[in-house]
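**Student:** Protein chains in written order, with the numbering used here: chain A, 1 to 267; chain B, 1 to 231.
Hints listed in this document are in silico derivations from the structure and should not be mistaken for laboratory results. Owing to the predicted nature of the structure, the values given are computational and were not obtained by experimental measurement. We put the beta carbon where it would ideally sit given N, CA and C, even for glycine. Treat the hints with caution; some may be incorrect.
Claimed, not checked - Calculated pairs, DSBU-like style, for lysine-lysine (alpha carbon to alpha carbon, straight line, at most 35 Å):
1. A:Lys-130 x B:Lys-51
2. B:Lys-67 x B:Lys-105
3. B:Lys-224 x A:Lys-13
4. B:Lys-130 x A:Lys-174
Unchecked claim - The following label-pair restraints were derived from C-beta to C-beta distances:
5. B:Arg-183 x A:Ala-209: 47 to 57 Å
6. A:Val-267 x B:Glu-155: 49 to 59 Å
7. B:Pro-94 x A:Arg-208: 41 to 51 Å
8. B:Ala-87 x A:Gly-263: 29 to 39 Å
9. B:Ile-91 x A:Glu-113: 48 to 58 Å
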Amino acid sequence: MLIIGELINATRKSVREAVINHDREFIQDLARKQDEAGADYIDVNVATGSGKSEKEIEDMKWAVELIKEVTEKPLTIDTTSKEVLESGLKAYGPGAMLNSISAESGRLEPFLELARQYECPIIALPATDKGIPKDVEGRLQVATEILERAEKMGFAKESFYFDPLAFPLGVDDKSGEVTLESLRRFREELGVKTTIGLTNISHGLPQRALLNRTYLVLAMGVGLDSALLNPLDKAVMSSVSATLALTGQDPYCGKYLRAFRKGDLVV
Amino acid sequence: MSEDIIDKIISNVLQGRRDKDDEGIDEGYEDQPGVTELVNEALEQGVDVEKILAEGLSRGMELVGEKYETGEYFIPDMLAAAEAVGAAMEIMEPHLLKKGSKESKGKVIIATVEKDIHDIGKNLVSIMLKGAGFAVIDLGINVPASRIAEEVEKENAGLVGLSALLDTTMPFMAKTIEELENRNLRDKVKVIIGGAPTSDQFAREIGADAFGADAFAAVNLAEKLMVRGGK
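Next up, chain A with everything else stripped away, as it sits in the complex (with noise of 0.2 Å):
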């Protein structure tokens, strides 16, 4: 189970205020502390609303240094646009995550020639210029159409993760379904790597940890292979643990008394 830790994320307040006045000592703890907490990547995302491009083409460039100073861990370059994606994997060298592809115009062969390139693995969203399909057969279809057309261009389908965007259950009371549903298709008949950002699915409604622990189970149970999440959050790697174990995932039950151990487990 791939863990990508969310937390670097300029839509969120603390973070983006921290992009703009360049705190380095703010975005640093944030990476040492989802280090420490187990994610496998690090998630690196400085769109702060300015609207303009030229700034978050800098800012990538300067975070991306700053953290690759505190930690070993890879990290996850999050933009929709080519260029702060460029300069985030320039910045970091070969082997970060790109995050992400879709079928939408110019997000696709341009974004896949960069991870040639820096030979990332690539996460892929199902949406298309005319938007997500609301049904399982619709965010299938247009993951085929990436799939083939990244073929086409020689990837091969172990570089892909493929998430079938969680709407938020607020909004949407069969969103959950839906995408629990895609993610079990994606595996079986695409045969490819899954991930969710898990913490879309709980936005709007209250006591979202416990939706998103409890969701995050059930996507596990239908052979979930990464998530992007809050590691800081004990309770939700707590549940990643249990999960593994109980999934036969956890050869003599190694991770989970592990974290037990260091005294990582809550209930």
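Position chain B relative to chain A; hints supplied.
**Tutor:** Just chain B now, with coordinates in the frame of chain A:
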């Protein structure tokens, strides 16, 4: 008598109960009529259609908005209420027409700007504006500035609501406003913007009339700009 049924309409809007089969938010509403049934009943009793609208449905939605703002209500509560009011409005429409009442508080064009496909927030705003009595024309997602301006002109809309969820698409909000200026439409239409990365400051920078932080803020702005003449 008419006060009773108006009160019932308000409380059922608050419960988000479209009809008698809806459970509602609190317990104890089983088998009681919901908003659509109550509106029919009120019309049969001869309660003034404008009164049903203003003192019943619209008042109910205002209270829903207040409860959302204080954190008592969540988005699903609000959606259920808006849906109940929407269904009731379909019953009300022929009666409003017959009476020669204004069908709506004004025409609003709403769109997610070019290259942006996010529609959750925009859809909520659209639903809430409809619930508040505005005529909403939702152009969907990824809508070019020229298309938005064309629709404003064609529909003679009083308000445009623009949504963007990405730093990279925010500039298309500015482009849309420029397009309105180029077509000499900017003085005739108010522009409000919203979406996670946008802000009051950005609204000022691009010359929009206002920024709304959520769907209720959008409704308040629409009321202010279109109904109360900017006050």
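**Student:** Evaluate each hint against the coordinates.
**Tutor:** Against the structure, the hints come out as follows:
{"no.": "1", "hint": "A:Lys-130 x B:Lys-51", "result": "violated, 41 Å"}
{"no.": "2", "hint": "B:Lys-67 x B:Lys-105", "result": "holds, 23 Å"}
{"no.": "3", "hint": "B:Lys-224 x A:Lys-13", "result": "holds, 28 Å"}
{"no.": "4", "hint": "B:Lys-130 x A:Lys-174", "result": "holds, 23 Å"}
{"no.": "5", "hint": "B:Arg-183 x A:Ala-209: 47 to 57 Å", "result": "holds, 49 Å"}
{"no.": "6", "hint": "A:Val-267 x B:Glu-155: 49 to 59 Å", "result": "holds, 57 Å"}
{"no.": "7", "hint": "B:Pro-94 x A:Arg-208: 41 to 51 Å", "result": "holds, 43 Å"}
{"no.": "8", "hint": "B:Ala-87 x A:Gly-263: 29 to 39 Å", "result": "violated, 54 Å"}
{"no.": "9", "hint": "B:Ile-91 x A:Glu-113: 48 to 58 Å", "result": "holds, 56 Å"}
The structure fails to meet hints 1 and 8 from the earlier list, while all remaining hints are met.
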